[in-house]
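Given the sequences, and given the hints that come with them, work out the whole structure.
These protein sequence lines map, in sequence, to chains W and A.
All residue numbers for the first sequence refer to our numbering, where the first residue is 1051 and numbers rise by one.
All residue numbers for the second sequence refer to our numbering, where the first residue is 67 and numbers rise by one.
Hints are computed from structural coordinates only; laboratory data are not their basis.
The structure presented is a predicted model; accordingly, all values stated were derived computationally and were not measured.
Among these hints, one or two may not hold up.
Just a few of them, taken from the derived set where beta-carbon distance is under 10 Å, the chain W residues facing chain A [claimed, not checked]: (1) Val1090; (2) Leu1106; (3) Leu1174; (4) Tyr1179; (5) Ala1185; (6) Glu1187; (7) Arg1191; (8) Arg1194; (9) Ala1197; (10) Val1199; (11) Ile1209; (12) Lys1212; (13) Leu1263; (14) Leu1267.
From the three backbone atoms N, C-alpha and C, an ideal C-beta is built for every residue, glycine too.
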Amino acid sequence: MPSRGSRLVIPLGLAASAALLSGLYAGLVRAPADAVQGEVQRIMYLHVPTVLVAYLAFFIVFVGSTAYLWTRRERWDILAHASAELGVLFTALTIAAGAIWGKPTWGAWWTWDARLTTTAILLLIYTGYLMLRAAVEDPDRGARYAAVVGILGFLDIPIIHKSVEWWRTLHQPSSLARGAIDPALLFPLLLNMAAFALLYAFLLAQRMELGRLEAELTRRRLEE
Amino acid sequence: MSLGQVWAIARKDLLTEGRSKETLNGLFFFAALVLLVFGFALGPDRARLEQAAAGVLWVGFILTGVLGLTRAFQVERENECLEGLLLYPGDRGALYLGKLLGNVVFMLGLEAAVFPCFAFFYNMPLWGALPGLLLTAALGTAGFAAVGTLFAAMTMHLRAREVMFPLLLLPFVVPVLLAAVKGTEAFLRGAGRAEAFPWLALLALFDLVFVTVSLFALEWIVEE
Chain W
1051 MPSRGSRLVI
1061 PLGLAASAAL
1071 LSGLYAGLVR
1081 APADAVQGEV
1091 QRIMYLHVPT
1101 VLVAYLAFFI
1111 VFVGSTAYLW
1121 TRRERWDILA
1131 HASAELGVLF
1141 TALTIAAGAI
1151 WGKPTWGAWW
1161 TWDARLTTTA
1171 ILLLIYTGYL
1181 MLRAAVEDPD
1191 RGARYAAVVG
1201 ILGFLDIPII
1211 HKSVEWWRTL
1221 HQPSSLARGA
1231 IDPALLFPLL
1241 LNMAAFALLY
1251 AFLLAQRMEL
1261 GRLEAELTRR
1271 RLEE
Chain A
67 MSLGQVWAIA
77 RKDLLTEGRS
87 KETLNGLFFF
97 AALVLLVFGF
107 ALGPDRARLE
117 QAAAGVLWVG
127 FILTGVLGLT
137 RAFQVERENE
147 CLEGLLLYPG
157 DRGALYLGKL
167 LGNVVFMLGL
177 EAAVFPCFAF
187 FYNMPLWGAL
197 PGLLLTAALG
207 TAGFAAVGTL
217 FAAMTMHLRA
227 REVMFPLLLL
237 PFVVPVLLAA
247 VKGTEAFLRG
257 AGRAEAFPWL
267 ALLALFDLVF
277 VTVSLFALEW
287 IVEE
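Encoded structure:
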């Protein structure tokens, strides 16, 4: 029997595709090129949404992990696991897009800047989370361990951020937060943010359904 | 949870280690070796070595910690000792704090022995800076031991524990590494307390957050 979440998959997929297509059109075709940076600035329409979705995903890992330890309901664990995978994916995309932008703009793929470094550490923490899940054989124990790492990792984010910020900063401060962005560029950015949030929701629903089936399969195998 | 219980566990671990000196000797040579290996890797240029010294010292401490921190729970694997420990009156919080205290005292003893080697190979003025260096070492060691002790409990049953433990631990303790290196550098240069203080405060915050959270988290890790 399909679960409640699986019925959401198709509408979410359609909405995400439509939003992504119009977002690409608005960002790559409609929006004017940046006055200073030129065409390469268009990477922002990918880079900013992916990083925001990645942070959202790690926050959802934290929520799912806390709720799992609290209630011991399997679906919270499935949510945290699914969101961690997506968080890692979107963080990797963010770093890749940022590097492609950084090479022509800063003259280097990578710099040891505060935000870049924080993002790279996040990628490592949550990759560790996924590897731990794979390494623990007992599913119940794996869920508990992962939940602890999911909570600790999230608490570590502000400390990591503060420490690397003091350490050094080159990245431009967030234009969004400063309100220093032209409406002609802002609209495509917001559209793309909505599109990537929908893409995240679609993939999350899909991945949770898969997680539910995996858990079901494990249970049936154990019963045999 | 009482201080007596915490101390009883820490004392037991330190006594066992003190009598066998199994890991202590090995890890001391390992830490000294790290200092030497970095000396070879960086070349004989004295100015360059002095510049890199604080970083090398802390990489040495943390790598030694990666090898040493798992010991606290590894010794409990034999003969089901952990189950025995859990049967004693007293809660998991006391077990965590006891193991943590044992680990911190053990690592600090080791670090105290490494400092003279460091001063010798890297030509560092140790005497004047010693109180500041020891304070930084204590705060930094408490930080990586707080997370390390918890992750040691988590990975003790895994087949891939030798790989999983550093994979989980190292990204988490990046803030500790940054802050401890900066603090150590400030004291070595004789830059005064004002420059080192923010880093020491960051270390204290890290210690506070992760000791508190781990205290509760051990409950979910050693459940069976």
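For each hint, the structure was consulted:
| no. | hint | verdict |
| --- | --- | --- |
| 1 | Val1090 | violated, 30 Å |
| 2 | Leu1106 | violated, 20 Å |
| 3 | Leu1174 | holds, 4 Å |
| 4 | Tyr1179 | holds, 8 Å |
| 5 | Ala1185 | holds, 5 Å |
| 6 | Glu1187 | holds, 8 Å |
| 7 | Arg1191 | holds, 8 Å |
| 8 | Arg1194 | holds, 5 Å |
| 9 | Ala1197 | holds, 7 Å |
| 10 | Val1199 | holds, 7 Å |
| 11 | Ile1209 | holds, 5 Å |
| 12 | Lys1212 | holds, 7 Å |
| 13 | Leu1263 | violated, 26 Å |
| 14 | Leu1267 | violated, 23 Å |
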